[in-house]
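If you want the building blocks of each chain, they are given just below.
Protein chains: 2
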Amino acid sequence: MKKFVNDPKDYVPQMLEGLALANPDTLRYVPEYNLIMRADAPREDKVSVVQGSGSGHEPAHVMNVGKGMLDAACPGDVFAAPPADFVYETVKLVASPKGVLLLVNNYTGDRMAFEMAEELSQADGYAVRTLFVDDDVAVQDSTYTVGRRGVAGNFFVMKAVCAAAERGADLDELYRIGEKVNAVTRTMGMALTACTPPAKGSPLFELPDDEVEMGVGIHGEPGRNREKLQPADELVRELLTAVVDDLPYTSGDTVALMVNGLGGTPIGELYLVYGRAHKQLAERGIEIRRSYVGEYCTSLDMAGASLSLVRLDDEISELLAAPAEIALRVF
Amino acid sequence: MKKFVNDPKDYVPQMLEGLALANPDTLRYVPEYNLIMRADAPREDKVSVVQGSGSGHEPAHVMNVGKGMLDAACPGDVFAAPPADFVYETVKLVASPKGVLLLVNNYTGDRMAFEMAEELSQADGYAVRTLFVDDDVAVQDSTYTVGRRGVAGNFFVMKAVCAAAERGADLDELYRIGEKVNAVTRTMGMALTACTPPAKGSPLFELPDDEVEMGVGIHGEPGRNREKLQPADELVRELLTAVVDDLPYTSGDTVALMVNGLGGTPIGELYLVYGRAHKQLAERGIEIRRSYVGEYCTSLDMAGASLSLVRLDDEISELLAAPAEIALRVF
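Chains as they are written, first to last, in this note's numbering: chain A, 22 to 352; chain B, 22 to 352.
Please note that the accuracy of each hint is not assured.
Put simply, identical chains are the same to the list, so a pair is met inside one copy or across any two.
Keeping only pairs whose Cα atoms sit at most 16 Å apart, straight-line, the calculated EDC-like set for lysine to aspartate or glutamate is [to be verified]:
1. Lys113 / Glu140
2. Lys88 / Glu65
3. Lys30 / Glu259
4. Lys119 / Asp66
5. Lys23 / Asp230
6. Lys249 / Glu308
7. Lys249 / Asp231
8. Lys88 / Asp334
9. Lys23 / Asp231
These are calculated hints, taken from the structure and not from any lab test.
Kindly generate the complete structure, drawing on both the sequences and the hints.
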């Protein structure tokens, strides 16, 4: 294993500590509960939005905490759900009189932790709702999932919900917006290589030098099939066809297109993929209004990418375009 | 080779095409000269700033074109300087009455191309100056260099110069600012793995599973030495000591700290490295005022990172904080 890591069990806390040290004015790291929160949370004039998941998907979600985005993120260890009591403590720390919305990708472990935390919080009198994201079209059920998995398209649900929260929308309205965005968002990804969790020290699965895993999960779960590596145009066509046909997106639709890197793929390749996907969508009569190219939801050092589409209307477009300030800034 | 690529000779043009398609309102791709320019360039009220280098270092420099940043970037093929006549054509396309500043990292091939383009442009009556960046402390001369190499610290020179250009500073003033920032900027990087150029199809060098290349160049050039992989704290200490001792940076200095990923290292590890470097600088009495964590200058898919320091004064701090809008935005 070749990584920048000290003791592997300190990987997540030392990453969170670094994140907070790099953003001393805006973020607060609470080591007792392994969480990152906004320095100004909770704010009485807005619903607090919290997201949790296993670590190893950065920037999701600890680097999405900030103005116009999350109020807090409570990650678990690498590829492991956070403990329910840490989620519960997070709710208590950021609870606003307007309530708390929990955003969670649909994995069995995460569902259990967040539903338990929701129950504990509600028993204490907190106004809490939990929204699940399941944008991955690759497989119906999966290693860690009943139903579809939540992957990179989660970004769009989070961005829209958090923009509305910043403007004072109430808890039910946020839930409505989140469900609406989730319903028009679809994603599929593929792996060129496996990834190596720090505590395991070796690749999570074996993938021959000339094969790819089409429809891979963000924890290295199997996808639809293994196939031979092909030129980018063919790989993009396969991903895009699966995504487009699922909703389906049709000629005349306006969409946001995301090309998400899985951690080990350089930005140059992601822009190449973007260009090919853009042209293939144009051939289908689908118009791209908003473009996202980079890393949004990764799988440690996995080489690979996912494509996401969101069908836009005025409400969603406007929420996605709202200003936000998070750790992953360029300046 | 496992990459998202079609014919390897199309890697750079298809990447540039994707970049322009993702930014239709702000960027223009000129395939004849392999360049990316601002849609609003040239502007009569500012010096145009152009940067060139080999490709494979993205986001440097084609993804740094935009308001408050570069007016154009003219990359060569992967790890190859752009042809002098392409640089010359770029100058003509973006020439402003206030002049053109060419920013170049110090590599022999790039120097030749840009100095020739400068001469050709000056013979045509254009006001052009060329500024070289050489922030890498690893080695005195190198495979492709007489004198020190220019690496990730280039970002700070570019950002400061472009901020001043946006406000109307003249060519000589930009040159002064660029030399000033370069003089207080130092960088050293290290490789955990080699990188694979698309046209070569195999790793550029061999690095055993338990060794790192300390002081590696951004084209995979040898650094100071090969050594055994160590815990992150020790790797950071070695990089930081080389950087700090070189200027030197001393107790009481205020600095910007950049942790730059080389392409294959996930953002979680970069934040872990940031935290360790932050603490080691604090022990030395050096205060971090600005933090940069992410990919600024990469080497294709190489796993590894570099650390850069800039000694700040009021002028540099203010220029680094100026607003800018480039392709690599989060929203």
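Problem - 16 Å Cα threshold - placement of Glu140 relative to Lys113 - result: within (13 Å within a copy, 66 Å between copies)
Problem - Identical-chain pair category, Lys119 with Asp66, by Cα at 16 Å - result: Within one copy only: 7 Å inside, 49 Å across.
Practice task
With 16 Å as the alpha-carbon cut-off, assign the pair Lys88 and Glu65 to within, between, both or neither.
Solution key: within (14 Å within a copy, 36 Å between copies)
Exercise for the section: At 16 Å max between alpha carbons, let me know whether Lys30 reaches Glu259 within a copy, between copies, both or neither. Expected result: neither (38 Å within a copy, 23 Å between copies)
Exercise for the section: Tell me, please, which holds for Lys88 and Asp334 at an alpha-carbon limit of 16 Å: within, between, both or neither? Expected result: neither (24 Å within a copy, 28 Å between copies)
Handout entry: Intra- versus inter-subunit Cα pairing at 16 Å for Lys249 with Asp231
Key = within (6 Å within a copy, 30 Å between copies)
Problem - Identical-chain pair category, Lys23 with Asp231, by Cα at 16 Å - result: between (22 Å within a copy, 8 Å between copies)
Practice task
Using 16 Å as the alpha carbon limit, work out where Lys249 and Glu308 are close: within a copy, between copies, both or neither.
Solution key: neither (31 Å within a copy, 51 Å between copies)
Practice task
Can you give me the call for Lys23 and Asp230, within, between, both or neither, at a CA distance of at most 16 Å?
Solution key: between (19 Å within a copy, 7 Å between copies)
Going down the numbered hints, you'll see the structure goes against 3, 6 and 8, while the others check out.
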